[in-house]
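As they're listed, the protein sequences go chains A and B.
Residue numbering for the first sequence is 1 to 253, as defined by the numbering used here.
Residue numbering for the second sequence is 1 to 243, as defined by the numbering used here.
None of these hints come from the bench; they were simulated from the model.
Predicted model only: the values in this text are computed from it and were never measured.
Glycine included, C-beta positions come from ideal geometry on N, C-alpha and C.
Treat the hints with care, as some may be off.
Here are the simulated lysine-lysine pairs, BS3-like style, with alpha carbons at most 30 angstroms apart [unchecked claim]:
#, chain 1, residue 1, chain 2, residue 2
1, A, K138, B, K56
2, B, K109, B, K120
3, B, K172, A, K188
4, A, K194, A, K79
5, A, K8, B, K172
6, A, K188, A, K79
7, A, K8, A, K29
8, A, K238, B, K203
9, A, K141, B, K22
10, B, K93, A, K55
11, B, K75, B, K109
12, A, K238, B, K56
13, A, K138, B, K22
14, B, K56, A, K141
Now the stretches of chain B that chain A is said to cover, found in silico as 3 or more residues with beta-carbon under 8 angstroms [what the hints assert, rightly or not]:
#, region
15, 78-85
16, 134-142
17, 170-184
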Amino acid sequence: MTTLLEAKGISRAFGGVQALDNCSLTVEKGSITGLIGPNGSGKTTLFNVITGYVKPDQGTVSFAGEDVTGARPNEIFSKGVGRTFQLTRIFGRMTVLENMLVATQREESWLKGLTRSMSSAEEVSAALEMLEFVGIAKLAKLQAGSLSYGQRKLLELAYVLIADPDVILLDEPAGGVNLTLINEIASKIRLLNKEQGKTFLVVEHNMEFVMNLCDSVTVMNQGHTLTSGTPSEVRSDKRVLDAYLGGGDEEEN
Amino acid sequence: MGTPFLSFEGVIAGYGGGDVLKGVNFEVNAGGITSIVGPNGCGKSTLLKTVSGLLKPRLGSLTFKGESLVGKSPKAILQMGIVQVPQNHSLFKEMTVRQNVELGAFLIKDKAVITQRYEKVCSLFPVVAERSSDRAGALSGGQQRLVEFARCLMLEPELVLLDEPSMGLDPKTLRAMFATIEAMNAEGRTVLLVEQNARQALKMSHSGVVLENGVVRLTGSGLDVLNNPEIAALYLGGTISHK
Numbered sequence: 001m002t003t004l005l006e007a008k009g010i011s012r013a014f015g016g017v018q019a020l021d022n023c024s025l026t027v028e029k030g031s032i033t034g035l036i037g038p039n040g041s042g043k044t045t046l047f048n049v050i051t052g053y054v055k056p057d058q059g060t061v062s063f064a065g066e067d068v069t070g071a072r073p074n075e076i077f078s079k080g081v082g083r084t085f086q087l088t089r090i091f092g093r094m095t096v097l098e099n100m101l102v103a104t105q106r107e108e109s110w111l112k113g114l115t116r117s118m119s120s121a122e123e124v125s126a127a128l129e130m131l132e133f134v135g136i137a138k139l140a141k142l143q144a145g146s147l148s149y150g151q152r153k154l155l156e157l158a159y160v161l162i163a164d165p166d167v168i169l170l171d172e173p174a175g176g177v178n179l180t181l182i183n184e185i186a187s188k189i190r191l192l193n194k195e196q197g198k199t200f201l202v203v204e205h206n207m208e209f210v211m212n213l214c215d216s217v218t219v220m221n222q223g224h225t226l227t228s229g230t231p232s233e234v235r236s237d238k239r240v241l242d243a244y245l246g247g248g249d250e251e252e253n
Numbered sequence: 001m002g003t004p005f006l007s008f009e010g011v012i013a014g015y016g017g018g019d020v021l022k023g024v025n026f027e028v029n030a031g032g033i034t035s036i037v038g039p040n041g042c043g044k045s046t047l048l049k050t051v052s053g054l055l056k057p058r059l060g061s062l063t064f065k066g067e068s069l070v071g072k073s074p075k076a077i078l079q080m081g082i083v084q085v086p087q088n089h090s091l092f093k094e095m096t097v098r099q100n101v102e103l104g105a106f107l108i109k110d111k112a113v114i115t116q117r118y119e120k121v122c123s124l125f126p127v128v129a130e131r132s133s134d135r136a137g138a139l140s141g142g143q144q145r146l147v148e149f150a151r152c153l154m155l156e157p158e159l160v161l162l163d164e165p166s167m168g169l170d171p172k173t174l175r176a177m178f179a180t181i182e183a184m185n186a187e188g189r190t191v192l193l194v195e196q197n198a199r200q201a202l203k204m205s206h207s208g209v210v211l212e213n214g215v216v217r218l219t220g221s222g223l224d225v226l227n228n229p230e231i232a233a234l235y236l237g238g239t240i241s242h243k
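One chain only, chain A, in its complex shape (with noise of 0.2 angstroms):
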């Protein structure tokens, strides 16, 4: 396997805090690495620093062996890098199929963005099938702004698969969405990922999800990796259970 996208080192400190402190993250190219930790352990921030929305004070970052450190967050969008946010970031003013639309756009210049008027005929379909897919089709008319949270959760993972990144970036794809639509996704993911080979990095606190559904899972503790392994691995690690999954007992859900 190859590496595809790298973090090294990473330190970032916010005023007094150090939410990074020496951090380092391999993902490998057409994996499902699931990044695990308390909350307040870092592992938004790490996403920020891989995506450019945050500098890192040290450290590097590169993807697909080119060095990305310090790259600005559309830059490393259209190197193929693409994330969802923990609180979703959607444009509330336009309905949720031109969302959609807005974020087929990743290869055009800005000029091009600009000036075009309409999106063809296969981009509008392709976004109602995406949009169909995570169960939100019928909404596709709406003032996006007028979705419920885990509405909007949706139609942020729609607009980020649609723009067919090659490394995709969930930060906790389940959080506020139901059991069964969780499981869906869940198969949308392994499916993306068996059958377009599309890389993905995930951090979530739904352990059932993380373990049936990663290669790999980083588990991260007070700003640096506290390790790395498989899901058994990881689940059995005593450090894991003291800083994480709390209490030693299996995790229920």
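Using the hints provided, position chain B relative to the given structure of chain A.
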């Protein structure tokens, strides 16, 4: 007996783009934990907003201890002893954790009472004490959630409305959170919550309400709802044999 604690009768409400709640009927008993479950967009959050006064029902009756809530301001409803923790993160990011928590007591003028209650919530939520003088925005998403909980308890409400309390919490914190909800309830606070983590929520709930497309589909004890095979398949991720 007699007057129900919280009662919905034919409640219809929405946001202009059509009704989200299409005639909701159910009652919440005093002293219990009630969980509302259902698919995304079925009206769970909207339901809580009608109780806290953030959204006025278009039709129907909604009463708390016999008194109508319809048309009352959110502040008047707070004064009646009903507090909501919203789904979206709602802390003031530039203010400190302590300032945020103390804002929860804005109806109280007595400084000594505020200090005493602040100390009480600190003992329930250690993160509040540890990070009291940090900017709220510097906390992680899950930690901010805990601070919002602490804030809602400052008024020592009779009825607590929680919109997805477990969202964004790690497994350890999540267990602590559910334990906190049970502790809140044991102190006499009635809890009405919306949860996508429905299995765990229903397990600790005295009653469960399944909301579907704006109407109540099923009510029963928490375990009744949990063990209903149809509901499990639709909303609880299937009838997974839970250990």
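Margin query: Please list, smallest to largest, the hint numbers that this structure does not respect.
Written below: 12, 15
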